[in-house]
Amino acid sequence: MTKEVGYVNSTNRYLLELEGLPSVTVNSIINGPKSQPAWVTSLSESAMTALQLTGEPSKPGDEFGLLAQGLQVAMGEELLGRVIDPLGNPLDGKASGMERSRLEIERPAKGIEFREVVSEQLTTGITIVDTLLPVGKGQRELVFGEPRSGKSSFILNVIQNQKDTGVICIYAALGKEEIELRRISKQLSELGALEHSVVVAAGSNLGAPAIILTPSVAMGIAESFASQGKDVVVFLDDLGVHAKYLREVALLSGRVPGRESYPGDIFYQHAQIVERAGNFNQKAGGGSITLFPVIEAHLENISGLIPTNVMSATDGHLLFTTEVQTQAGYPAIDIEGSVTRVGRQTQSSLQQEISQKVRASLAEHADLEKFSRFDTELSAETKLRLQRGELIKTLLHQEMASYLSPRVQLLLMALAYTHFIDNWLPQRVKEHEECLVAELGKIAGEVGELDEKGFGKVKALLEKKLSQISEQCQ
Amino acid sequence: MELKQILEKNYTLVEVYHEIEKMREELEDKAYHGRVREETVIESGEALESLAKLEKRVEGLPRLRLTLAFKPEEKQIAKMGSWVREKVNKRALLDLRVDKNLIAGARVVWQSRAADFSLKSKLTAKHGEIKELLPS
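Taken in sequence, the protein lines are chains X and F.
Residues in the first sequence are numbered consecutively from 1, following my numbering.
Residues in the second sequence are numbered consecutively from 1, following my numbering.
Bound conformation, chain X alone (with noise of 0.2 Å):
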């Protein structure tokens, strides 16, 4: 038996340049003499250029082989509730004897005829994105914001709320330092969002090559839950940093560089790992994978080659800024400057009527605020308008990792169009909070089917229990 073997050239870093292997193709996985996993990424006509994925570094003159088995990861139920490295490897101290399959690197994305339109609403139980900015099951939604701005507790809050409800959520560290890993993993283990979720930590430690690798494998699993039928949540935590490794090694690798030094490819890069989510059908295994891609920038950088670019690839963003955080607190969404494409479609009409009017409102609290500052003489309307907007701004307010019923969320919103308005000021509202959504989520039974009542309907039930809700918030 014989087997095919390359040469080590020259190394560069993790960078190698190996001859030999002539049945190597782009995307195989070597194996050099200590077990160092390389992943081959340019062929030439004598030599091929591979990454050295992890292991101690190789020379020129060391052998490498074939791994006929490619990248191996574990795939199934298995996964679920693990802390794994982008190689597979678990980094949980738990069992490592998880049943492994083969991972295709940059497989391509399941073309039109195995996806479906996006109909399905993914409840996050935060007030402002299941009623105002709405994410559908297959979405793809862009989570952009500044740092510190409360990104992080958003996406553990999601993760949190997808507890029971069967959705498999997909966590990918990237290039994170070791501790905010063990921060990140102790958190969701506390929250008691493990069960359902695999965390795919790549950190710093790693190395450029595994963390560019990162994305390709969180969505390999992703899709191999998304074809046993099961909806996925994945979050790509950032790509801002994958797209700077990306361009760490293209400029190692000597690759002519593009705008910001950028390789020339970087759409293409970030438009291949975002186009394999979606809505899939029967065909493709019935599931969905919904994407949020994460940036973290300056907010005077969201004109910046990345952020476009992702942009351009999503279904929407949800901004996240510093200033709405110091305003209003979590979660810091800022609603103006937040867009979602497929999401509104998802909502049922009595949400799409409560959301409509609400973003209604918001626009115009904003535009009679600048107004108000200069005449102090408003008439009685216009003081209602602006008081609607407050009370609005308050209720959109939420605890961090609380989670509210989309009924509750949709009667929280009504009220501020009931004669609540009249007796609850905001700070009323800040103090009774806790009070105001438990009394709401008695009265969520009896709201009915959400498409089949208007909003009339729900209106004149709040202004019955109006009085109840007063006296029980005392």
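Think of the hints as simulated: they come from the structure by calculation, not from any bench.
Glycine residues also receive a C-beta, built at the ideal position from the N, C-alpha and C atoms.
A couple of the hints might just be wrong.
[Claimed, not checked] Straight-line Cα separation of at most 27 Å, BS3-like style, residue types lysine-lysine; simulated pairs:
id, chain 1, residue 1, chain 2, residue 2
1, F, Lys9, X, Lys3
2, X, Lys370, X, Lys393
3, X, Lys34, F, Lys87
[Unchecked claim] Simulated restraints, written as ranges between beta carbons of each label pair:
id, chain 1, residue 1, chain 2, residue 2, range
4, X, Glu195, F, Ala115, 46 to 52 Å
5, F, Asn101, X, Arg255, 37 to 43 Å
6, F, Pro62, X, Ser35, 54 to 60 Å
7, X, Leu43, F, Lys30, 40 to 46 Å
8, X, Asn301, F, Pro62, 33 to 39 Å
With chain X held as given, fit chain F onto it using these hints.
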């Protein structure tokens, strides 16, 4: 010296490079330590250039990488070398390596394909059976 002449006398990669290195030293000696004349410098320069070309041609020769568990004697090398030239490729060079971990036998790599005929690989393949036979 022509490549053909070098190959007639030497079978291994190391020997060929050693021969080229010897020729280079002689030329450099002639150019820098002899009586410096313009003609000598030009002649040596041209000779060094053709030596570099010769080196390039050697790089392109087919190589048979042979890893043994022991260091073979010159006679054995010549025997193996002539066999390879006769049976495999008449311009092949032996890239000899020693790895005592092979225990016995040899590992051969020809045109990016490796075949392991070492005792180590046979023992590794039979590891399970050997373990069963050994008293626990």
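Outcome of the hint check:
1. F/Lys9 - X/Lys3: Between F/Lys9 and X/Lys3 the Cα gap is close to 32 Å, so the pair fails against 27 Å, i.e. violated.
2. X/Lys370 - X/Lys393: Distance of about 16 Å is within 27 Å: holds.
3. X/Lys34 - F/Lys87: violated, 34 Å
4. X/Glu195 - F/Ala115: 46 to 52 Å: holds, 50 Å
5. F/Asn101 - X/Arg255: 37 to 43 Å: The hint (37 to 43 Å, Cβ to Cβ) holds, given that F/Asn101 and X/Arg255 are roughly 39 Å apart.
6. F/Pro62 - X/Ser35: 54 to 60 Å: violated, 29 Å
7. X/Leu43 - F/Lys30: 40 to 46 Å: Between X/Leu43 and F/Lys30, where Cβ atoms are some 45 Å apart, the hint holds.
8. X/Asn301 - F/Pro62: 33 to 39 Å: At 55 Å between Cβs, range violated.
When held up to the earlier numbered hints, the structure conflicts with 1, 3, 6 and 8 and fits the remainder.
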